[in-house]
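Chain by chain, the residues run as shown.
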Amino acid sequence: MVRERYLGNLEKLKQNVITMGHLSMQMIDDAQVTLDKVDKELADKIIQADERVDNYEYEIEKCSADLLALQQPMAKDLRLIITSYKIAIDLERMSDMAVDIAKIVKNMDDDVVFTYSDLDNIFILCREMVANTIKAYEDGNVELARKTAESDDIVDQKFYKGWDSLVRMMISSSAIIPNATDLMFVLRYLERIADHTCNICESIIYMQTGERIDLN
Amino acid sequence: MSEMGSVDDIKVEDLNLWYGEKQALYNVSMKIPKNSVTALIGPSGCGKSTFLRCINRMNDLIKGCRIEGKIHIDNKNIYDRDVDVVELRKNVGMVFQKPNPFPMSIYDNIAYGPKIHNVKKNEIAPIVEEALKGAALWKEVSDRMDTSALDLSGGQQQRLCIARTMAVKPEIILFDEPCSALDPISTNKIEDLILELKKDYTIVIVTHNMQQAARISDYTAYFLLGELIEFGETKQIFENPQEKSTEDYITGRFG
Chain R
1392 MVRERYLGNL EKLKQNVITM GHLSMQMIDD AQVTLDKVDK ELADKIIQAD
1442 ERVDNYEYEI EKCSADLLAL QQPMAKDLRL IITSYKIAID LERMSDMAVD
1492 IAKIVKNMDD DVVFTYSDLD NIFILCREMV ANTIKAYEDG NVELARKTAE
1542 SDDIVDQKFY KGWDSLVRMM ISSSAIIPNA TDLMFVLRYL ERIADHTCNI
1592 CESIIYMQTG ERIDLN
Chain H
392 MSEMGSVDDI KVEDLNLWYG EKQALYNVSM KIPKNSVTAL IGPSGCGKST
442 FLRCINRMND LIKGCRIEGK IHIDNKNIYD RDVDVVELRK NVGMVFQKPN
492 PFPMSIYDNI AYGPKIHNVK KNEIAPIVEE ALKGAALWKE VSDRMDTSAL
542 DLSGGQQQRL CIARTMAVKP EIILFDEPCS ALDPISTNKI EDLILELKKD
592 YTIVIVTHNM QQAARISDYT AYFLLGELIE FGETKQIFEN PQEKSTEDYI
642 TGRFG
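Chains R and H, in that order, give the protein sequences.
According to this note's numbering, the first sequence holds residues 1392 to 1607 in order.
According to this note's numbering, the second sequence holds residues 392 to 646 in order.
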């Protein structure tokens, strides 16, 4: 095989993105648990994990820049590098959302715990989107990327519905306002996670086909 | 970048070429637009230089070389019997891999072409100046026109050869790996010059340097084993080629 080192570095770049993706997914999973159980220790762990995510983003950026500067990649290799770098940025933002949820939990009162019933479903939906996105990137699966992005509409609908419900609940009981406001932020963060997932799906389709499409 | 489908300068139809029994080009067809730079790329022995030499009938000089098909320049098939090959090569200039100045003064190198094409003596000096200016060499040599062209550096010699080609006022200039014997600075100068020249000329360039092809050409043709595999806008060829073989070559999977 020609250019073994080059191909090895491309593969390393790809593996870094996949590992970073799994780390972000774990943080979103943990965010769900920490919120559900008001587990402040777990919230701390999520906040600490952010540094690892940042390191991955830095590593991917550096690896991409090295490949571009030293190897003059073309065609699908060039698209893989551009895409991987963009995905790393989206993953970093998604992890920030998980950190923001953890920070909300850290500031929550232990005794006043109020939940919104559909929140778990939105978490599950977002988590599934993230998992499928990483899989689609790993396998270069355009169909899976396309299909995954379709779930964004469902997340959006649930977000708006949840937002309305929480507003109504707050009107009827002012006591829940602090908690419900927190949950509104959580809803917003989850909706943003789904948006970032869509961006990644667009990137994957570009990586595989060279076509730029808008899935949002 | 020129738009695909603008006025075609060179139209190649079903070009086949044999060196004796061995076929070197297979059914090559393409349209090269006017005032554009077209790069021919592909691994050694793929036929790109052979193809380039077809455009000004340089292969006619090779014994046992047989050509079928047509190349239209300005709507005239250059392989028609009534074509004056000397006139054709005046219209389609060529610059080679290794700079090949004549062993004479800088001035005489450039004046040579106009002289043999019977340009009046008093009209030659302005042509020499114009050609040297066009090839971005005038400032460097205007005070030593009588010195031997062989005293110039490699990069200057190559620009001298480009000026010599321009002096007979061609429409098309063919470049056969013009920078492969030059250092990076001289290469930059030639590349800048080629980009400048396309305003007035149609340029076809054979290059082994894919980054060079990507940098300076509007269109790229990829050859393999005598066949034209893919032809398209350079951006598309280097970002999203349609053929796997093109992809494999430009990403260094083979070749």
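Hints in this document: simulated from the structure, not taken from any laboratory.
Glycine included, every Cβ here is placed at the ideal spot set by N, Cα and C.
Heads up, some of the hints might be wrong.
Unchecked claim - Think about it this way: if two alpha-carbon atoms lie no more than 27 Å apart in a straight line, the pair counts; the simulated DSS-like pairs of lysine-lysine are: (1) Lys-560(H) - Lys-530(H); (2) Lys-422(H) - Lys-402(H); (3) Lys-635(H) - Lys-1403(R); (4) Lys-467(H) - Lys-589(H); (5) Lys-467(H) - Lys-1453(R); (6) Lys-626(H) - Lys-1477(R); (7) Lys-1428(R) - Lys-1552(R); (8) Lys-1526(R) - Lys-635(H); (9) Lys-1405(R) - Lys-626(H); (10) Lys-1477(R) - Lys-1436(R); (11) Lys-1428(R) - Lys-1549(R); (12) Lys-1405(R) - Lys-635(H); (13) Lys-635(H) - Lys-1477(R); (14) Lys-425(H) - Lys-580(H).
Unchecked claim - In silico contact screen, one side only, chain R against chain H (beta carbon under 10 Å); selected entries: (15) Tyr-1397; (16) Leu-1398; (17) Gln-1462; (18) Pro-1464; (19) Met-1465; (20) Ala-1466; (21) Asp-1468; (22) Lys-1552.
As the list claims (entries may be wrong) - Cβ-Cβ distance ranges computed for the label pairs, FRET-style: (23) Lys-1431(R) - Gln-627(H): 25 to 35 Å; (24) Lys-590(H) - Gly-1531(R): 40 to 50 Å; (25) His-599(H) - Gly-1399(R): 55 to 65 Å; (26) Gly-1399(R) - Lys-413(H): 31 to 41 Å; (27) Arg-1396(R) - Gln-414(H): 50 to 60 Å; (28) Pro-434(H) - Asp-1509(R): 53 to 63 Å; (29) Ser-533(H) - Gly-1531(R): 50 to 60 Å; (30) Arg-1396(R) - Lys-489(H): 56 to 66 Å; (31) Glu-587(H) - Ile-1604(R): 31 to 41 Å; (32) Leu-1606(R) - Asn-491(H): 50 to 60 Å.
Hint-by-hint comparison with the structure:
| no. | hint | verdict |
| --- | --- | --- |
| 1 | Lys-560(H) - Lys-530(H) | holds, 21 Å |
| 2 | Lys-422(H) - Lys-402(H) | holds, 5 Å |
| 3 | Lys-635(H) - Lys-1403(R) | holds, 23 Å |
| 4 | Lys-467(H) - Lys-589(H) | holds, 22 Å |
| 5 | Lys-467(H) - Lys-1453(R) | violated, 54 Å |
| 6 | Lys-626(H) - Lys-1477(R) | holds, 21 Å |
| 7 | Lys-1428(R) - Lys-1552(R) | holds, 24 Å |
| 8 | Lys-1526(R) - Lys-635(H) | holds, 24 Å |
| 9 | Lys-1405(R) - Lys-626(H) | holds, 24 Å |
| 10 | Lys-1477(R) - Lys-1436(R) | holds, 26 Å |
| 11 | Lys-1428(R) - Lys-1549(R) | holds, 22 Å |
| 12 | Lys-1405(R) - Lys-635(H) | holds, 21 Å |
| 13 | Lys-635(H) - Lys-1477(R) | holds, 25 Å |
| 14 | Lys-425(H) - Lys-580(H) | holds, 23 Å |
| 15 | Tyr-1397 | holds, 7 Å |
| 16 | Leu-1398 | holds, 8 Å |
| 17 | Gln-1462 | holds, 8 Å |
| 18 | Pro-1464 | holds, 7 Å |
| 19 | Met-1465 | holds, 4 Å |
| 20 | Ala-1466 | holds, 5 Å |
| 21 | Asp-1468 | holds, 5 Å |
| 22 | Lys-1552 | violated, 41 Å |
| 23 | Lys-1431(R) - Gln-627(H): 25 to 35 Å | violated, 54 Å |
| 24 | Lys-590(H) - Gly-1531(R): 40 to 50 Å | holds, 42 Å |
| 25 | His-599(H) - Gly-1399(R): 55 to 65 Å | violated, 25 Å |
| 26 | Gly-1399(R) - Lys-413(H): 31 to 41 Å | holds, 39 Å |
| 27 | Arg-1396(R) - Gln-414(H): 50 to 60 Å | violated, 38 Å |
| 28 | Pro-434(H) - Asp-1509(R): 53 to 63 Å | holds, 60 Å |
| 29 | Ser-533(H) - Gly-1531(R): 50 to 60 Å | holds, 58 Å |
| 30 | Arg-1396(R) - Lys-489(H): 56 to 66 Å | violated, 33 Å |
| 31 | Glu-587(H) - Ile-1604(R): 31 to 41 Å | holds, 38 Å |
| 32 | Leu-1606(R) - Asn-491(H): 50 to 60 Å | holds, 57 Å |
Checked against the numbered hints given earlier, this structure breaks hints 5, 22, 23, 25, 27, 30; the rest are met.
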